[in-house]
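Chain by chain, the residues run as shown.
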Amino acid sequence: MSMTETQHLIPGRTPPTESKPVRLTVKNVVKEFQRHGGDFLNAVDDVSFEVRTGELLVLLGPSGCGKSTLLRCIAGLESPTGGLININGQTAFDSTAQVSLAPNERDVNMMFQSYALWPHMNLEDNVAYPLRSAGVKKSVARRRAAEYLDLVSLGGLAQQHPGMISGGQQQRVALARTLISEPSIVLFDEPLSNVDARIRVKLRSLLVRLHKELEFAAVYVTHDQVEAMGLGTRIAVMRHGRVDQLASPAVVYERPSNRSTAEFIGEANFMDATVLRRDRDILTVDLCGREIRVPRQADDTGLEASPGDHVTLMIRPEKCGIVPAAAGAGGPSAWHGVVTARTFSGAHTEYQCQVGDQVVTVWAFGAPDPQLRESTEVEVAIPSESLRVVTDD
Amino acid sequence: MTSLAPHRKSPVSPAPAQPLPDPQVRKGLGKKLHSAAFGSLLLALSVLVIFLVAYPLIQMFQRAAGPLDAWAKLIAEPWFFGMIRDTVLVVGTSAVLSLAIGALLAWINERTDAGLGPIGDSLPLIPLFLPAVALAVGWVALASPKVGLLSGFLEPLGFQIYSTAGMVLVYVLLTVPYTYLPIVAALRSLDPSLEEAARASGASSLRVIRTISLPAVAPSLLSGFILATIIGAGVYSIPAIVGNGTGMDIMSVRIVRSIQNTYPIDYGTAIRLSALLFTALLILYYVQHTVISKQRFARMGGQAPKVARIALGRWRWPVRMLGILYIVFAAILPLAAVIYLSLQRYWQPDLFAPNWTFQNFSVASAGAGGALEGIRNSVVLAVGAGFVVVMAATMILTYARQSNNWVSRVANGAAKFPAVVPGSVLAASFIFAFAGAPFKLGGTLLIMGMAFFVSFLPHAVISLEGTSAQIDGSLEDASRLCGAGAGRTFGHVVLPLLRPGILATFALVFVRIVGDLEVAVLLGTGRTPLVSALLFQVWGEGFFTQVAAVAVMMTAVSAIVVILLMWLSRPAWVRKMHARSRKAARR
Chain F
0 MSMTETQHLI PGRTPPTESK PVRLTVKNVV KEFQRHGGDF LNAVDDVSFE
50 VRTGELLVLL GPSGCGKSTL LRCIAGLESP TGGLININGQ TAFDSTAQVS
100 LAPNERDVNM MFQSYALWPH MNLEDNVAYP LRSAGVKKSV ARRRAAEYLD
150 LVSLGGLAQQ HPGMISGGQQ QRVALARTLI SEPSIVLFDE PLSNVDARIR
200 VKLRSLLVRL HKELEFAAVY VTHDQVEAMG LGTRIAVMRH GRVDQLASPA
250 VVYERPSNRS TAEFIGEANF MDATVLRRDR DILTVDLCGR EIRVPRQADD
300 TGLEASPGDH VTLMIRPEKC GIVPAAAGAG GPSAWHGVVT ARTFSGAHTE
350 YQCQVGDQVV TVWAFGAPDP QLRESTEVEV AIPSESLRVV TDD
Chain V
0 MTSLAPHRKS PVSPAPAQPL PDPQVRKGLG KKLHSAAFGS LLLALSVLVI
50 FLVAYPLIQM FQRAAGPLDA WAKLIAEPWF FGMIRDTVLV VGTSAVLSLA
100 IGALLAWINE RTDAGLGPIG DSLPLIPLFL PAVALAVGWV ALASPKVGLL
150 SGFLEPLGFQ IYSTAGMVLV YVLLTVPYTY LPIVAALRSL DPSLEEAARA
200 SGASSLRVIR TISLPAVAPS LLSGFILATI IGAGVYSIPA IVGNGTGMDI
250 MSVRIVRSIQ NTYPIDYGTA IRLSALLFTA LLILYYVQHT VISKQRFARM
300 GGQAPKVARI ALGRWRWPVR MLGILYIVFA AILPLAAVIY LSLQRYWQPD
350 LFAPNWTFQN FSVASAGAGG ALEGIRNSVV LAVGAGFVVV MAATMILTYA
400 RQSNNWVSRV ANGAAKFPAV VPGSVLAASF IFAFAGAPFK LGGTLLIMGM
450 AFFVSFLPHA VISLEGTSAQ IDGSLEDASR LCGAGAGRTF GHVVLPLLRP
500 GILATFALVF VRIVGDLEVA VLLGTGRTPL VSALLFQVWG EGFFTQVAAV
550 AVMMTAVSAI VVILLMWLSR PAWVRKMHAR SRKAARR
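Just so you know, the protein sequences line up as chains F and V, in that order.
Going by numbering that gives the first Met the number 0, the first sequence opens with residue 0, and the numbers climb by one from there.
Going by numbering that gives the first Met the number 0, the second sequence opens with residue 0, and the numbers climb by one from there.
None of these hints come from the bench; they were simulated from the model.
Where hints are given, some of them may not hold.
[Said to hold, decoys possible] Which residues of chain V face chain F? A few of them, derived with a C-beta cut under 10 Å, are: (1) 471; (2) 478; (3) 485; (4) 488; (5) 498.
[As the list claims (entries may be wrong)] Computed footprint of chain V on chain F, listed as stretches where at least three residues anywhere in the stretch have a Cβ under 8 Å from a Cβ of chain V: (6) 98-109; (7) 126-137.
Even for Gly, the Cβ is constructed at its ideal location relative to N, Cα and C.
Make the full structure from the sequences, and use the hints.
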């Protein structure tokens, strides 16, 4: 094991991925479908991104947003209508140059939602298959398959058939088969959606560990935001075939680019406000009759708002604070309100508060505060640095 | 290696990673040629299938079109309307009864606790693997007036085989598998929660059947009925053997007789009757097609959910007996009768005064060339044509799985179309198309092989489609993504998974060819006798015990092949998986 590899295994010391080679380039990819009625629909609409070694890009979105179609286009199982796909320097698809490689001619592998293990081969043969297809000698391929089965802790089951092992085990076999040939890019099509929650968590951590150890480049499709947050080095939020936002999990969560992204990932409050002043890095708005200064950032979509415009402000419920009105300190970011509903959900308690003509949801850590009952007068803290202007579309 | 990234060492393996061939080297012209070759092979196959189906039928219609007064003369024949009446009566009644029985058996096996498990599921299909001639001969032996083995029991009930009821009985026994199969398939793909929801809404079992299950499987009921009608209208062996003594005038017999037993050969009548029968069935088929294409049901994918089966309580065993009774009637009794008769010196009804002998089996070497030669011809033809049919069906389906273009759709359509053409019509049309100039194939094994190819290709395609539908497309996608080309994917993934279906289909086609009488009688000659034609000839000469001996030999050959293929069709992984699911079910 070389020095650089040892380094990668130490958490928090991962070097910036920008310096690593690009494994996958997707450029202006469009996939057009004809509907039953005859009109056309862009399932994938002008999508571009790059994935580098060691990166795991998550395509996140509701069902029907085109994320699986995009994945199948990268795999070569479907042919895009236009655009360019480059895998490890090799043009896999180019609509202008009329290039379209078959799936087996691309340096990719894919883990399917159904695992797609071949029921007539034992686990060893299943895992060794990519190597055998590549012309590796049988004995060598088998030895390597055994190593990968060990890697996913299935060392003793090499001679079993897929029909005889559990769903979670099948999943790990599929993972081993996907990784064994060390493809330039590994594709995952919602691989964790078919098992129960407990096994899903285990497999997710196995996947995280293997990703760290083997440092493969991957594109991972899911509609589960928790999975996306836990696995992705970057998340591409997709909607109607387009990428709404492409950023790290933290940025996507803290600073979603629009309302639907904010709604799709986690809980969010949306409040109407009116712009009063626009300075270089501060937007002063009127929120429920009070002035508040919202910091503006370069990538803000609400950047163009001018005085008099109505804007939507977003804030996560756990960023807000709540105290009884009597104990409140006032302050510039405190609003007067009334608790309308209270729900306890284990790790936090949710309070619905009426603030002016708007409803604000607040999450407070731990059990319900006996002082904060329904119709209690409260002071709701809305820190201006956690507020974000989002577009409505 | 021109890979950009240096090959990493896997942290778990001390050995250096095996350098993998570069994908650039693997891809190339070779593979493209390969897939293009497969496509053009398919195209050639489709063209051949279309030619073999369309050419004889076009020839037939061209000749049948003939002068109008020839048609007038045919209709004016004194037997014409009687024949139509008898045919519609026998075929129609038996199709309706067969539909009722098939639906009942399907419902019992799929939706009640009276089913017999996986064995019960395939029980109604056993008659498919018995030659139809043996079935007919068996029932003649059982229920002939006075001498039938069961006549002492049946005649007081007013039943004997040489009657309309007797004919209908054998027709029904023959056609039940064809109505049972589509209904079972429909019930399996119907989400049982629809029925459970109705039951939860307070509907009785009968009401659930009437308002939910029946409407949902209605298209498959129609297909079953039409399939039974086509098989019934085309079959020649049963009316030829059973109908002889009834005076019933059946169309398929008329067609064969006007070619076989008239001199000079009355091609005109045969051709016009064939055209008439075919047109009638085509209209039925068209009706079925429009009904089915109008009704689209959401089909579920993946694993069939657990069905809460209706508990029949004290009705369980009586209902279960119905299924067993069918097998007893359709297979066990006729087979036992044939075996018993083949071992008797002469045919007499007293089971307790037997006169055992092996003498009848000397028919194997005596008679017209000997039954042995007939069996050999039949087996050669069944193996050869069966192999070609199954290979063609496999290719057509594989192509359909890979690409949904017009070539695959045309091939699929052409392969299934002959299902509408009754056997006797097909055989008759082959005489006009290929027996004379320019092909001059009359009396050869080749013309019979071609006819068998066309008439059993639909069965093979439909039967294989069932297996193919169970193989998820992602299994092939996974293979492609693992770097395997179309050839390797076919050889290592698709073919092994299709193997059970391929072998079962081969067994089915084999038995149907060995037991076929229409093609054997119309296209065979003394030069190349087939065993079924031989049996029919001995039948005509009146040596019943020898007929039974030939039927036994025929059935034995079929049974050996079927059992062998069934055994081969269950590879280790299937057996292990079944053993596991049985164990899981017991827990």
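Consistency of the hints with the structure:
no. : hint    : in the structure
1   : 471     : holds, 6 Å
2   : 478     : holds, 7 Å
3   : 485     : holds, 8 Å
4   : 488     : holds, 8 Å
5   : 498     : holds, 8 Å
6   : 98-109  : holds (count 10)
7   : 126-137 : holds (count 7)
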